[in-house]
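**Student:** Modelling step: build the complete structure from the supplied sequences, incorporating the hints.
This is what each chain is made of:
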Amino acid sequence: MKSAYNATWLHNLSIVKEVKQWRDYEMLSQEQFLVISSEYPSSFYHPNVIIRILLFLATLIALAGVTGLGALVVFNTRSNEEYAFGVSLVYGIVSFIFLDRVFIYNAKHYKSGVTEALLYHALGYTLVGIAGMTEWEPLLMASAFFVVFSIAAFRYIDLISTACAFASLAFLLFYVLYDAGGYMQQIIPMAVIALFTPLYFAVKKIKAYAAANPWRPCLTLLEALSLLLIYAAGNYFVVRELSLELMDLVIEEGQDIPFAYVFYSLTVAIPVGYLYFGIKRKDLVLIRVSLLAIAFSVVTFKYYFSLGHPEISLTAAGAVLLTVSLLLFRYLKSPKYGYTRENVLREKWSDMNIESFVIAQSLGGNTGTVQETGGGGDFAGGGSTDSF
Amino acid sequence: MRIEHLRELREKGLITEHQYNTIEPIATRKVLSVFYELRILLYLGVMLFTTGVGILIYQNIGDMGHILAVIGLFILTGACFWYAFRYAPGYSNGKTKAPTPYFDYVVLLGSLLFISALTYLQIQYELFDDGLGATTLVTAAFFFYAAYRFDHLGVLSLAITALASFWGISVSPQKWYSSDFFSEGELYNIALVFGAVLATVAVVLDRRGVKRHFTFTYMNFSALIFLTAALTGVFVNPDYFALYLLLLYAGCGVIVYSAHRRKSFLFLLYAFVYAYIGTTYMLIDLIQNVILWLFYLFASCGAFIFFIVQYKNYFKRAE
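If you're matching them up, the sequences are chains V and D in order.
The numbering used here numbers the first residue of the first sequence as 4 and each following residue consecutively.
The numbering used here numbers the first residue of the second sequence as 339 and each following residue consecutively.
Everything labelled a hint here was simulated from the structure, so no lab data went into it.
Because the structure is a prediction, the values reported are computed rather than measured.
Be aware that a few hints might be false.
Claimed, not checked - Taking lysine to any residue pairs in the SDA-like style, the calculated list, with each CA pair at most 20 Å apart, reads:
#, chain 1, residue 1, chain 2, residue 2
1, V, Lys-285, D, Phe-373
2, D, Lys-654, V, Leu-37
3, V, Lys-283, D, Ile-364
4, D, Lys-350, V, Ser-153
5, V, Lys-336, D, Pro-437
6, D, Lys-433, D, Val-539
7, V, Lys-23, D, Phe-653
8, D, Lys-654, V, Pro-338
9, V, Lys-207, V, Ala-197
10, V, Lys-336, D, Phe-441
11, V, Lys-20, D, Val-539
12, V, Lys-305, V, Val-323
13, D, Lys-350, V, Pro-338
14, V, Lys-111, V, Ile-160
15, V, Lys-20, V, Ser-40
16, V, Lys-20, V, Glu-34
17, D, Lys-368, V, Pro-338
18, D, Lys-350, V, Asp-259
19, V, Lys-305, V, Asp-259
20, V, Lys-20, V, Phe-36
21, D, Lys-368, V, Tyr-342
22, D, Lys-650, V, Phe-47
23, V, Lys-23, D, Asn-651
24, V, Lys-305, V, Gln-258
25, D, Lys-368, V, Leu-37
26, V, Lys-305, D, Leu-382
27, D, Lys-350, V, Tyr-342
28, V, Lys-23, D, Pro-363
29, D, Lys-350, V, Ser-45
30, V, Lys-20, V, Asn-9
31, V, Lys-210, V, Val-265
32, V, Lys-23, V, Trp-12
To be verified - Residues from chain D that keep clear of chain V, each with C-beta distances beyond 10 Å, as calculated:
#, residue
33, Gly-428
34, Ala-580
35, Leu-584
36, Gly-640
Quick reminder that beta carbons are idealized off the backbone N, C-alpha and C, glycines included.
**Tutor:** In structure tokens:
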């Protein structure tokens, strides 16, 4: 069981990347960094993120050209659907081989932008081919998608494939129970929780093995997605709206969905539980997911028990968040229980430059222009954050 | 990093005992940094709060509760800037260190509340006769001052956005999607000049050594505004189509040159993407054949990939 990439180089690259962070934080010197990178060599072609984006876009456009030319050769007016799906499948598989042999094995590309573009291209044509051949039968299709995405995620250590494999699995479970009908539909939330809780713990266990090192990012993503799905399955809003939408549940005045109180309590208990265990075990994935879940739980309750003053809710929520975070900043002035407010190691995207751009786009973003708002004073809505 | 790899580095003598002891608690998560979590919470708090306050200001003008809210707003804005002036380190042309981790957010909160306060004054007392134009200019001036005084990149971005919107240029992605960016009149001509002037100012400030770390933000805005304006000219002005295309190429050329000098790949990305769109648009009239088009897509991008991979050392960050 191996990935498509050279395992030693992967290992060396991960060490050098980490050491580079320490150097950026001046924990060790430039000379030490150079010695370590020559001690842990890797021959991958692995450019920086901007070059990767450029190469990704260029590869997609070039592939569109190739595909179009190929289609002109292969198809004529007498080609039928079955033939087209067959061609698509073959083309997808050929693309996989091309990616694997030419770019990864020979040219030593590792997540270069070209590899990602080729991978999604190959996945797309393979899956369209498979879907057409199963005549769009949901059960067969989802199973096939799950298998193909899992193989791609494993072999190419790819995050998007990992997320797609996870989604296929979740859909499969949902569809089987939904299709069975009757009381099976009622137990969907419980079944999701019952299946994905063990998955979460299994992923955590796998992550602890040294052999799983190259797949760490994928495993972390699976961890977070499992937690989110478990939360969603217990969330009142999700359960209620899906029941109304898909299972033709009719709720009359004064009535509520079956087991409403179970879901009310889960909506509160799951995020709080995540946060508690996250803080206790110093698990950042749990803490981050819990913050998201808490926000969504607040929205859920506001949605059904709203007092009709969204602007007051907004202001109050903002004030609470400001107060809590300022208090936490003060509290963690010196590290407590192993938590610190200081930035001990830089992560990706933590550049101040990027942060400032985010601020301009999310706050100064919808700036009214002079011409547009020249008339009068009435332009309510999100008006406040505008910098006229 | 796993602890066994860290030990390996120590055993090979690649890191010292002292370094091992510094890094070990981080690697084993004895110390866990919640730096980003706290900052995101603060940022969300600032965003929700200022949005909520902004809406409150527009509602029920004249009410008793409303007047209290307005007084609260002014007190809070004042408090933010009092805090900022009280604790800010003195002005310096270089980077200054924030006195507290949340200092930047207090400045941001104050600046955003300042907009609400100014807008309220404008609506209630018509401070400036010609309406929003002057308000925008005052906002921009104030933000530039705050950005330089408190060394705040976020407020600098807001200042540039405000200044651009004074000229009628709206700098936001939403506008680009809906394609009414620069559409009114010949706004793209103003935007071309604005982008060029902004870039010149940035270069002059950079040469003089004034807040060098602001240069990226200036350049980012000016590059995007200039290139988008030139491209809009190419699209909507068939009479002077060639002129705008030349301007686009010139802009891309300057950007590639300075990107290479600064080793900034983001600008390289802008230059290539805009130049490619412009060139492809020019070819629309020339190429009439589908096969030729497909071949063009394949050949141009294939050659581009080959070029990047072949000259990979040119496109490498300095280690």
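**Student:** Now tell me, hint by hint, if it's right for this structure.
**Tutor:** Now for the hints, and whether the structure bears them out:
This hinted pair checks out: V/Lys-285 and D/Phe-373 have alpha carbons roughly 14 Å apart, not beyond 20 Å. The suggested pairing of D/Lys-654 with V/Leu-37 holds, with an alpha-carbon distance near 16 Å, which does not exceed 20 Å. For the hint linking V/Lys-283 to D/Ile-364, the alpha-carbon distance of about 17 Å falls within 20 Å, and the restraint holds. Proximity of D/Lys-350 to V/Ser-153 is assessed by CA-CA distance (about 38 Å); at most 20 Å being required, the pair is judged violated.
At roughly 13 Å between alpha-carbon atoms, V/Lys-336 and D/Pro-437 fall within 20 Å of each other, so this suggested pair holds. Of the pairs offered as hints, the one joining D/Lys-433 and D/Val-539 holds, with about 19 Å between alpha carbons and a cut-off of 20 Å not exceeded. With a C-alpha separation of about 19 Å, the suggested pairing of V/Lys-23 with D/Phe-653 holds against the 20 Å cut-off. This hinted pair does not check out: D/Lys-654 and V/Pro-338 have alpha carbons roughly 38 Å apart, beyond 20 Å.
Restraint check: the Cα-Cα separation between V/Lys-207 and V/Ala-197 comes to about 16 Å, which is no more than 20 Å; the hinted pair holds. In summary, the hint linking V/Lys-336 to D/Phe-441 is supported, as the alpha carbons are separated by about 14 Å, within the 20 Å threshold. Restraint check for V/Lys-20 and D/Val-539: the C-alpha separation of about 37 Å exceeds 20 Å, so the hint is violated. Restraint check for V/Lys-305 and V/Val-323: satisfied, since their Cα atoms lie roughly 16 Å apart, inside the 20 Å limit.
Between the alpha carbons of D/Lys-350 and V/Pro-338 the distance comes to roughly 32 Å, so the proposed pair goes past 20 Å and is violated. Straight-line distance between C-alpha atoms of V/Lys-111 and V/Ile-160 comes to about 15 Å, which keeps the hinted pair within the 20 Å bound. The hinted pair formed by V/Lys-20 and V/Ser-40 meets the criterion: a straight-line CA distance of about 9 Å does not exceed 20 Å. Between V/Lys-20 and V/Glu-34, the direct Cα distance comes to roughly 15 Å. Compliance with the 20 Å bound is thereby established for this hinted pair.
Pair hint D/Lys-368 plus V/Pro-338 holds up; C-alpha atoms about 11 Å apart against a cutoff of 20 Å. With a C-alpha separation of about 66 Å, the suggested pair D/Lys-350 and V/Asp-259 falls outside the 20 Å cut-off, and the hint is violated. Taking the CA atoms of V/Lys-305 and V/Asp-259, the gap is about 17 Å. The hint holds against a cut of 20 Å. With a CA separation close to 10 Å, the supplied pair V/Lys-20 and V/Phe-36 stays within the 20 Å bound.
With a CA separation close to 8 Å, the supplied pair D/Lys-368 and V/Tyr-342 stays within the 20 Å bound. Among the hinted pairs, D/Lys-650 with V/Phe-47 is consistent with the structure: their alpha-carbon atoms are about 12 Å apart, no more than 20 Å. As the CA atoms of V/Lys-23 and D/Asn-651 are separated by approximately 19 Å, the hinted pair is consistent with the 20 Å bound. A distance of roughly 19 Å separates the Cα atoms of V/Lys-305 and V/Gln-258; the hinted pair therefore holds under the 20 Å criterion.
This hinted pair does not check out: D/Lys-368 and V/Leu-37 have alpha carbons roughly 28 Å apart, beyond 20 Å. Between V/Lys-305 and D/Leu-382, the direct Cα distance comes to roughly 18 Å. Compliance with the 20 Å bound is thereby established for this hinted pair. Between the alpha carbons of D/Lys-350 and V/Tyr-342 the distance comes to roughly 31 Å, so the proposed pair goes past 20 Å and is violated. Of the pairs offered as hints, the one joining V/Lys-23 and D/Pro-363 holds, with about 18 Å between alpha carbons and a cut-off of 20 Å not exceeded.
The hinted pair formed by D/Lys-350 and V/Ser-45 meets the criterion: a straight-line CA distance of about 18 Å does not exceed 20 Å. Only pairs whose Cα atoms come within 20 Å are accepted, and V/Lys-20 paired with V/Asn-9 is accepted, the gap being roughly 16 Å. With a C-alpha separation of about 32 Å, the suggested pairing of V/Lys-210 with V/Val-265 is violated against the 20 Å cut-off. At most 20 Å may separate the alpha-carbon atoms for a hinted pair to count; V/Lys-23 and V/Trp-12 meet this at roughly 16 Å.
Every beta carbon of chain V lies more than 10 Å from that of D/Gly-428, the smallest distance being close to 21 Å; the non-interface claim holds. Here D/Ala-580 stays apart from chain V, with its beta-carbon at least about 25 Å from theirs, past the 10 Å limit. Look at D/Leu-584: its CB is around 24 Å from the nearest CB on chain V, clear of 10 Å, so calling it non-interface holds up. A cut-off of 10 Å between C-beta atoms contradicts the statement that D/Gly-640 is not in contact with chain V; the least separation is 5 Å.
In summary, the numbered hints that this structure violates are 4, 8, 11, 13, 18, 25, 27, 31, 36.
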